[in-house]
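S.K.: Using the sequences and the hints given, assemble the complete structure.
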Amino acid sequence: MATSTSKYAYIDCDPNLCVGCQLCEYICSFTKTGEYNSYHSRIRTVRVDEVLITAIACRTCENAPCVIVCPRDALTQDPVTGIIDINATKCDGCAWCIEACDFGAISINPQTALAEICDQCKDEPDGPQCVKWCPKEALTLTTPDQRAQKSRAKLISETLNIPQKATDPK
Amino acid sequence: MYGYSGKILHIDLKTKKNWVETKPEEWYKIYIGGVSMASRLLWENITPGCDPLDDGNPICFANGIFTGTPVPVGGKFGLASKSPLTGFIGDSLSGSWFSIALKRAGWDGLVLHNSCDNWTQLFIDDARVQFNDATYLLGKGTYETEEAIRDKLGDEQIRSCTIGLCGENLVRFANVTNDGRQAGRTGHGMIWGHKKLKAVSVRGTHGVTVFDPKTLNQLSFDLSKSAQGKYTEKYRIYGTSTGLLSTNEMGVLPTRNFQEGVFEDAELVSGEYLDKHHKVKVIACAQCPIACEQMSMVKTGPFAGAMTGIEYESLFANSSNLGISDMRAAIKLITISDQDGMDSITMGVTIGWAMECYEKGILKKEDFASKAHPEGLELNFGNGDAAVAVAEMIRDQEGIGKILAQGTRIASKVIDEERGTETYKWAVNTKGLESAGYDARTLKTFALGLATGTRGGCHNRSAAYDPDMKGETNRFTVDETRGRVAADSEEYAAVYDTLPLCKFIRRCFTGKADRAGAWPAIAKLINATTGWEFGYDEVDLIGVRACTIKKAFNIREGWTEKDDDLPWRWKHDPFTKGPSAGVIVTDEELEYMKDLYYKAKGWTEEGLIPKELLIKLGMPDVAEEIGV
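Taken in order, these protein sequences are the chains called E and F. Under this note's numbering, residues 798 to 967 are what the first sequence spells out, in order. Under this note's numbering, residues 5 to 632 are what the second sequence spells out, in order.
Accuracy of the hints is not assured; some may be wrong.
Below are the BS3-like pairs computed for lysine-lysine, each with C-alpha atoms no more than 30 Å apart in a straight line [to be verified]:
#1 F:Lys369 with F:Lys417
#2 F:Lys507 with F:Lys283
#3 E:Lys951 with F:Lys303
#4 F:Lys364 with F:Lys303
#5 E:Lys951 with E:Lys929
#6 F:Lys229 with E:Lys951
#7 F:Lys218 with E:Lys829
#8 F:Lys507 with E:Lys929
#9 F:Lys603 with F:Lys516
#10 E:Lys829 with F:Lys229
#11 F:Lys229 with E:Lys947
#12 F:Lys234 with E:Lys929
#13 F:Lys280 with E:Lys951
#14 E:Lys947 with F:Lys516
#15 F:Lys528 with F:Lys229
#16 F:Lys406 with F:Lys566
#17 F:Lys375 with E:Lys919
#18 E:Lys929 with F:Lys283
#19 F:Lys369 with E:Lys929
#20 F:Lys218 with E:Lys919
#21 E:Lys829 with F:Lys620
#22 F:Lys575 with F:Lys603
#23 F:Lys11 with E:Lys829
#24 F:Lys566 with F:Lys417
#25 E:Lys947 with F:Lys575
#26 E:Lys929 with F:Lys218
#27 F:Lys234 with E:Lys947
#28 F:Lys200 with F:Lys406
#29 E:Lys951 with F:Lys283
#30 F:Lys620 with F:Lys603
#31 E:Lys929 with F:Lys238
#32 F:Lys229 with E:Lys929
#33 F:Lys516 with E:Lys929
In short, the hints are calculated from the structure, not lab data.
M.R.: In structure tokens form, the structure reads like this:
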């Protein structure tokens with residue numbers, strides 16, 4: 798399984814809480830393009846089957862493969878935030894970054910044919926809009942420390958192996 | 005125009021030609037979307053009087069006004085054809101992605117004419133229409149078919165309406181399914197199967213724009229947050245199944261084919277039991293922040309692994325109504341109906357009818373012989389294994405399954421003619437549509453709503469059980485208010501079914517579900533989406549118009565006042581137990597209430613619609629054809 802090696806914050810989705818409503822995609826595409834359109838969303842919900850549901854956006858990997866692989870140097874990573882920037886003038890939509898990304902977090906906009914990626918709504922005063930809108934609080938912008946806290950909790954619950962009731966919805 | 009593209013796509017399944025029809029904004033203001041627009045498209049495109057299985061009966065889809073926007077629970081579409089179960093309007097709603105894809109492809113509606121020559125998977129790729137061979141999909145379940153199409157066409161965002169084995173095998177109450185949701189009840193799946201249409205798939209890549217996105221976003225955001233509070237708690241925590249203990253307490257929970265209204269093992273088949281023992285996860289339709297679908301799984305026994313979303317209506321029909329107290333059998337039955345694509349209410353009520361026939365000695369063990377059970381089945385109430393076997397026989401049209409696959413009205417007629425019996429007395433349907441999970445003997449306003457309902461015995465179209473159960477009316481008696489109450493409740497529900505918005509949002513506007521709270525809030529959503537200037541009255545008229553076009557359709561298809569009737573059992577056969585014992589709806593009561601209802605609607609004593617009324621509602625062409 799692909800694991801992120803990010804030392805930065807990224808938008809994380811708790812699959813136990815995500816119900817697959819896609820409101821994150823609506824508000825993401827609206828924020829970025831002024832239209833509601835999943836194809837332009839930088840966060841994508843995934844339904845592997847009827848109950849395996851989650852959402853995925855850029856994981857801000859350290860030494861990000863997408864940045865390294867780009868043949869036109871269109872991708873750069875902010876050393877402070879880890880956010881990947883795609884320079885629309887340099888990008889020619891070759892999709893190598895998509896090939897390199899273990900998380901499927903980059904997509905090609907069907908209208909412009911250029912690559913797009915989550916920038917954590919860095920220009921929005923109230924931060925990532927998907928996090929703000931998520932009705933089930935499944936989406937969070939987490940730092941490595943918060944992720945460590947989650948991992949500890951997960952480890953304990955798995956180690957103790959006490960049968961758990963399905964998570965009640967928020 | 006905002007919120008709409010103004011375009012309806014027509015496709016001829018036989019000649020494979022397609023054409024675009026444009027509609028003026030005024031037309032949208034009358035018919036809006038969902039059930040109303042789908043019914044109107046059917047009115048315009050059907051060959052009047054045709055058999056439901058004729059080529060002249062088209063498949064009509066209509067999107068919603070809010071589909072593809074962030075307005076909570078607005079991702080739904082209406083589907084209409086003439087119903088093979090009732091011979092009248094067959095209007096269904098279904099939620100989730102399909103409608104959104106259709107809107108993003110640029111279509112407000114879709115009309116499919118004629119039939120395919122070979123099994124077809126229709127692919128609407130934005131503006132392009134493709135006819136694909138569906139042979140590789142035959143025999144696949146509903147969800148499985150959707151996945152197989154996505155795999156084959158290589159895009160996870162392709163959404164499909166499909167039929168399962170039941171539609172392929174022409175079960176009269178087969179459903180059309182999309183994204184794990186069903187356009188249920190009136191037998192759309194049989195029509196699709198007859199047209200050799202296995203699936204309609206859509207890829208929509210365009211954006212949806214609205215008149216005032218800033219306002220719409222704020223309204224949607226607030227509504228979405230409100231939908232996390234106490235107003236939707238019932239749906240989010242236990243789902244609709246939590247209603248089972250309440251109906252049991254009131255003595256209106258259909259039990260053993262509507263013979264009684266209380267079930268001694270109600271606890272074991274309650275939403276609470278389901279939550280504790282079977283719930284896997286709660287999921288949502290696309291565009292819905294509530295999330296009510298309680299995905300539940302059988303974990304032990306012969307049905308282990310069966311999993312589907314459990315709703316109150318599916319649950320009553322396949323548990324208490326069959327005398328089944330083993331939740332695992334009920335989940336298995338509902339899983340069959342969902343995966344193979346048939347209506348879980350009609351399936352359960354039909355098996356209930358067969359169980360009563362068996363217990364009364366009319367149908368014998370050997371009547372239920374099949375390949376799997378050559379010796380037959382002992383179909384007593386409570387026998388979950390036998391019920392599952394019979395559901396599979398219905399799906400496969402095997403043995404007596406061929407008769408049961410016609411629903412209770414035709415099945416009882418066949419058996420009564422063959423054996424000289426009177427099994428129609430416990431065939432619990434209205435206009436041929438099996439009744440939902442509120443026994444109407446002691447819900448008298450609801451009884452009127454069911455009798456007059458245009459699509460038959462349906463709790464979604466008449467919401468009149470609500471005032472009866474809440475005590476706003478005396479549920480045991482009739483009085484002069486009932487015509488108005490039934491008309492109001494039907495028109496109220498039709499507003500939601502036409503926008504469409506899921507009714508589960510109804511309390512989230514102001515905390516109350518009444519018109520005074522909801523209509524002004526809904527008007528704001530409409531205006532921000534379209535730029536129109538709707539107010540309370542215009543929103544209220546949406547429901548009146550929806551009910552009117554459906555009724556007009558039925559009149560043109562030959563409806564007479566005699567068709568507004570109730571199942572024999574409710575008129576003659578009272579319960580012996582529980583708080584609703586001893587009560588029936590007499591013919592006098594029914595006729596009295598029908599008169600009140602026609603009057604409240606502004607119709608004639610025969611239940612026909614005056615020309616002036618239709619003209620006033622903006623339907624002059626309908627007035628010309630059926631107005632009196």
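S.K.: Against each hint, give a clear statement of whether it holds in the structure.
M.R.: Each hint tested on the structure:
Of the supplied pair hints, the one linking lysine 369 of chain F and lysine 417 of chain F holds, its CA atoms being roughly 20 Å apart against a limit of 30 Å. A C-alpha spacing of about 23 Å is found between lysine 507 of chain F and lysine 283 of chain F, which places the hinted pair at or below 30 Å, so the restraint holds. A distance of roughly 24 Å separates the Cα atoms of lysine 951 of chain E and lysine 303 of chain F; the hinted pair therefore holds under the 30 Å criterion. The straight-line distance between the Cα atoms of lysine 364 of chain F and lysine 303 of chain F is roughly 34 Å, outside the 30 Å bound, and the hint therefore fails.
At most 30 Å may separate the alpha-carbon atoms for a hinted pair to count; lysine 951 of chain E and lysine 929 of chain E meet this at roughly 25 Å. In summary, the hint linking lysine 229 of chain F to lysine 951 of chain E is supported, as the alpha carbons are separated by about 28 Å, within the 30 Å threshold. With a C-alpha separation of about 14 Å, the suggested pairing of lysine 218 of chain F with lysine 829 of chain E holds against the 30 Å cut-off. Distance hint between lysine 507 of chain F and lysine 929 of chain E is fulfilled; the C-alpha atoms sit about 25 Å from each other, no more than 30 Å.
Annotation: proposed proximity of lysine 603 of chain F to lysine 516 of chain F holds, straight-line Cα distance about 28 Å (limit 30 Å). Of the pairs offered as hints, the one joining lysine 829 of chain E and lysine 229 of chain F holds, with about 23 Å between alpha carbons and a cut-off of 30 Å not exceeded. Annotation: proposed proximity of lysine 229 of chain F to lysine 947 of chain E holds, straight-line Cα distance about 25 Å (limit 30 Å). For the hint linking lysine 234 of chain F to lysine 929 of chain E, the alpha-carbon distance of about 20 Å falls within 30 Å, and the restraint holds.
Using a Cα cut-off of 30 Å, the hinted pair lysine 280 of chain F and lysine 951 of chain E holds, with the two alpha carbons roughly 22 Å apart. Between the alpha carbons of lysine 947 of chain E and lysine 516 of chain F the distance comes to roughly 39 Å, so the proposed pair goes past 30 Å and is violated. With a C-alpha separation of about 17 Å, the suggested pair lysine 528 of chain F and lysine 229 of chain F falls inside the 30 Å cut-off, and the hint holds. Annotation: proposed proximity of lysine 406 of chain F to lysine 566 of chain F holds, straight-line Cα distance about 29 Å (limit 30 Å).
Of the supplied pair hints, the one linking lysine 375 of chain F and lysine 919 of chain E is violated, its CA atoms being roughly 65 Å apart against a limit of 30 Å. This hinted pair checks out: lysine 929 of chain E and lysine 283 of chain F have alpha carbons roughly 28 Å apart, not beyond 30 Å. The straight-line distance between the Cα atoms of lysine 369 of chain F and lysine 929 of chain E is roughly 60 Å, outside the 30 Å bound, and the hint therefore fails. For the suggested pair lysine 218 of chain F and lysine 919 of chain E, the alpha carbons sit about 20 Å apart, so the restraint of at most 30 Å is met.
Taking the CA atoms of lysine 829 of chain E and lysine 620 of chain F, the gap is near 45 Å; set against the 30 Å cutoff, the hint is violated. With a C-alpha separation of about 23 Å, the suggested pairing of lysine 575 of chain F with lysine 603 of chain F holds against the 30 Å cut-off. A threshold of 30 Å between alpha carbons decides the hint, and for lysine 11 of chain F with lysine 829 of chain E the separation of about 27 Å falls inside it, so the pair holds. Distance restraint check for lysine 566 of chain F and lysine 417 of chain F: the Cα-Cα separation of roughly 18 Å lies within the 30 Å cut-off, and the hinted pair is therefore satisfied.
Among the hinted pairs, lysine 947 of chain E with lysine 575 of chain F is inconsistent with the structure: their alpha-carbon atoms are about 61 Å apart, more than 30 Å. Straight-line distance between C-alpha atoms of lysine 929 of chain E and lysine 218 of chain F comes to about 15 Å, which keeps the hinted pair within the 30 Å bound. For the proposed pair lysine 234 of chain F and lysine 947 of chain E, the alpha carbon gap of about 28 Å is at most 30 Å, so the pair holds. Of the supplied pair hints, the one linking lysine 200 of chain F and lysine 406 of chain F holds, its CA atoms being roughly 19 Å apart against a limit of 30 Å.
Using a Cα cut-off of 30 Å, the hinted pair lysine 951 of chain E and lysine 283 of chain F holds, with the two alpha carbons roughly 21 Å apart. About 17 Å separates the Cα atoms of lysine 620 of chain F and lysine 603 of chain F, which keeps this hinted pair within 30 Å; it holds. About 24 Å separates the Cα atoms of lysine 929 of chain E and lysine 238 of chain F, which keeps this hinted pair within 30 Å; it holds. Of the supplied pair hints, the one linking lysine 229 of chain F and lysine 929 of chain E holds, its CA atoms being roughly 10 Å apart against a limit of 30 Å.
Straight-line distance between C-alpha atoms of lysine 516 of chain F and lysine 929 of chain E comes to about 26 Å, which keeps the hinted pair within the 30 Å bound.
The structure fails hints 4, 14, 17, 19, 21 and 25 (numbered hints given earlier, in ascending order).
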